[in-house]
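Using our numbering, you'd call the opening residue of the sequence shown number 88 and step up by one each time.
A couple of the hints might just be wrong.
Restricting the straight-line Cα-Cα distance to at most 16 Å, the calculated cross-link-like pairs of lysine to aspartate or glutamate (EDC-like) are [to be verified]:
1. LYS707 to GLU760
2. LYS707 to GLU756
3. LYS140 to ASP157
4. LYS707 to GLU696
5. LYS140 to ASP154
What follows is a list of derived Cβ distance ranges for each label pair [to be verified]:
6. GLU319 to ASP154: 31 to 39 Å
7. ASP738 to GLY705: 51 to 59 Å
8. GLU743 to GLU654: 16 to 24 Å
9. ASP275 to GLY641: 51 to 59 Å
10. GLU319 to GLY705: 53 to 61 Å
11. HIS258 to ARG382: 36 to 44 Å
12. ASP701 to LEU255: 27 to 35 Å
13. ASP701 to ALA739: 17 to 25 Å
14. GLY705 to ARG107: 56 to 64 Å
15. TRP386 to GLU664: 52 to 60 Å
16. ASP704 to ARG382: 52 to 60 Å
Think of the hints as simulated: they come from the structure by calculation, not from any bench. Small disclaimer: the values here were computed from a predicted structure and weren't measured. C-beta atoms are modelled at their ideal positions from N, C-alpha and C, and glycine is treated no differently.
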Amino acid sequence: MTSPAGPPPTGGGDEQRRVRLLAVTACPTGIAHTYMAAEKLSQAAESRGIDMKVETQGSIGAENVLDDNDVRQADGVIVAADKDVDLSRFAGKRVLTVGVAEGIRHPERLIERVLSAPVHTGGGAPTAPASGGGKERSAGYRALMNGVSYMIPFVVVGGLLIAISLSLGGHTDPSGGLVIPKDSFWMDVNNIGVIGFTLMVPILSGYIAYAIGDRPALVPGMIGGWIANTGELYDSKAGAGFIGAIVTGFLAGYLVLWIKKVEVPKFVQPIMPIIVIPIVATTALGLFFIYVIGRPISWVFEHLTDWLGGMTGTSAVLLGAILGLMIAFDMGGPVNKTAFLFGAGLIATGNQTVMGMCATAIPVMPLGQGLATLLRRRLYSEQERETGFAALFMGCFGISEGAIPFAAARPAQVIPANMLGGAVAGAIAGVAGVEDAVPHGGPIVAVLGAVSGVPMFFVAVVIGSVVTALTTVALVDVSRRRGAPALAGAGAAVSEPVPVGAGVGGAMESAKSVAGVGSSGEAGEVLSGHLTERTVRVRLEAVDKEAAIREMAGLLARGGRVVDADELVAAALRREEQGTTGLGEEIAIPHAKTDAVSAPVVGFARSDEGVEWDSPDGTKARLVFMIAVPEAAAGDEHLRILSLLSRRLMDAGFRERLLAAPDEAAVVEVLREVG
């Protein structure tokens, strides 16, 4: 929230003191654009005799962090960011928020504007600009991804602990179910996993709310998520699950934003964010869900059960397809629980075929989503691929919640794919007469002997999982081509926690040691020996981005560190899909972290005509660097190299020297200036 203010303060005495400005730069991937904007703003301030300190929030952590003394003495703050930045520390200061591309393209204009910007009054949420360069995601999408990123560890830890306890400590029981002895070690492991699963829904809701309304929204978001997942509070046999958590997260966040706009007496303002707002928002949201939203959920649950009860005499194919659709729809929500409890209730009557249909559909979602991350790796971020492996493991033990992170991130693509695969699996099980004697699903029940018709059970599971995987990658691919959000996690422009990096001094010293010139290196080597004359070319032949990346990969291979050129190209192209590495000022720095290289390697090539690289300023790339490091490379070496290169390349004289260098040796000499 901002309000108008007068001119910036001046010092005492006859002489006006130098203007002091602060800036924060951050881009979604936290790499090159972050440091380019910082360098451009610093240069513009220096040329005007203005003192400026710039904090960069990059992937190697926050550097040059602004402290309380900096803020106290500042006349204004420029926030050039395409991700959420906490503005609460700048209360009482003039704050101008723009996109990171504005910091690169128009730093002088920003310095002029910030001196007359409105004063930030505090209490606002972490804020990303409403406008600016880059493919910025909507506030709603960023909030959803923030919740998903925090939820994933709870899903993985809870699901894997439950799966391990079932596999090593569980057995079938004649009375029904997979049983773990109550006083055993494995029951304790299971209980810990259950706690993780219990917390994942409130965490999803809470951090969606936090991304919208900041800290005051965290409590109502988490409590609202807990209520949504606890059906007993609104007379339902099943909670609303992750869909309910998404609803409560957004409701809590925007409710808190609305309350913040209410004018209150000054003596009340200090306690608003820590007492008044959390209590009012939590009470209002909780009662609203219990009395308004919860009752329709309970009504749906009861009527779905009655409807299914009237279908037991219908075609097994139709019933199996419907049960599969329901099981796959919300993965633990009321629709899923209706189908599951319907099947489980019929076991006692001697009808085990309905539970057989449900048990076949239960693992399809996590198995299908995990398989999708293997089939089309380039569509997924590294975090999603890791979650995919965990989902495969959970699917084997009938834990459908393993697919929730994927469904929460891309509901429009993942939920229909899940439902189609679940319906196919359920229908096949119905035709084959698969039976399940215990109220559980997944391959684990077949391994433990609770399923009859085991071969067809596995056929149904495999076919359903493949259908889900193929449908998912097809829908995600289509959405990407149409420009819809397709990636979650670290590679997309999402609101995720800033990675913890080294301290300011340590990070900068480490960066210098990585990107600086090693005195002991042999002639023709710079950037700690990662770039040599063999990986430099003064004329790039390619005329488009993909061809340029392929040519650069071939150039890197001359350094003897590339073990799989095709995979290196694929990894670099996957990075381009997350956001262009065209930086403007005729520069592009494609990069990849992949085991296609055996050691860090850097290449450089120069294009006479320029290559179209979707740069924010519209210029074609004439100076192209390519960086590749192994997955297991210590630290974030490529990020440090990127930050050093990005800063140095903002110097127009340095760029001119690179363009004018007549041969590879001359290029290497110019690059010795980096560091």
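Outcome of the hint check:
no.: 1; hint: LYS707 to GLU760; verdict: violated (24 Å)
no.: 2; hint: LYS707 to GLU756; verdict: violated (25 Å)
no.: 3; hint: LYS140 to ASP157; verdict: holds (8 Å)
no.: 4; hint: LYS707 to GLU696; verdict: holds (8 Å)
no.: 5; hint: LYS140 to ASP154; verdict: holds (10 Å)
no.: 6; hint: GLU319 to ASP154: 31 to 39 Å; verdict: violated (49 Å)
no.: 7; hint: ASP738 to GLY705: 51 to 59 Å; verdict: violated (21 Å)
no.: 8; hint: GLU743 to GLU654: 16 to 24 Å; verdict: violated (36 Å)
no.: 9; hint: ASP275 to GLY641: 51 to 59 Å; verdict: holds (56 Å)
no.: 10; hint: GLU319 to GLY705: 53 to 61 Å; verdict: holds (58 Å)
no.: 11; hint: HIS258 to ARG382: 36 to 44 Å; verdict: holds (40 Å)
no.: 12; hint: ASP701 to LEU255: 27 to 35 Å; verdict: violated (51 Å)
no.: 13; hint: ASP701 to ALA739: 17 to 25 Å; verdict: holds (22 Å)
no.: 14; hint: GLY705 to ARG107: 56 to 64 Å; verdict: violated (33 Å)
no.: 15; hint: TRP386 to GLU664: 52 to 60 Å; verdict: violated (44 Å)
no.: 16; hint: ASP704 to ARG382: 52 to 60 Å; verdict: holds (55 Å)
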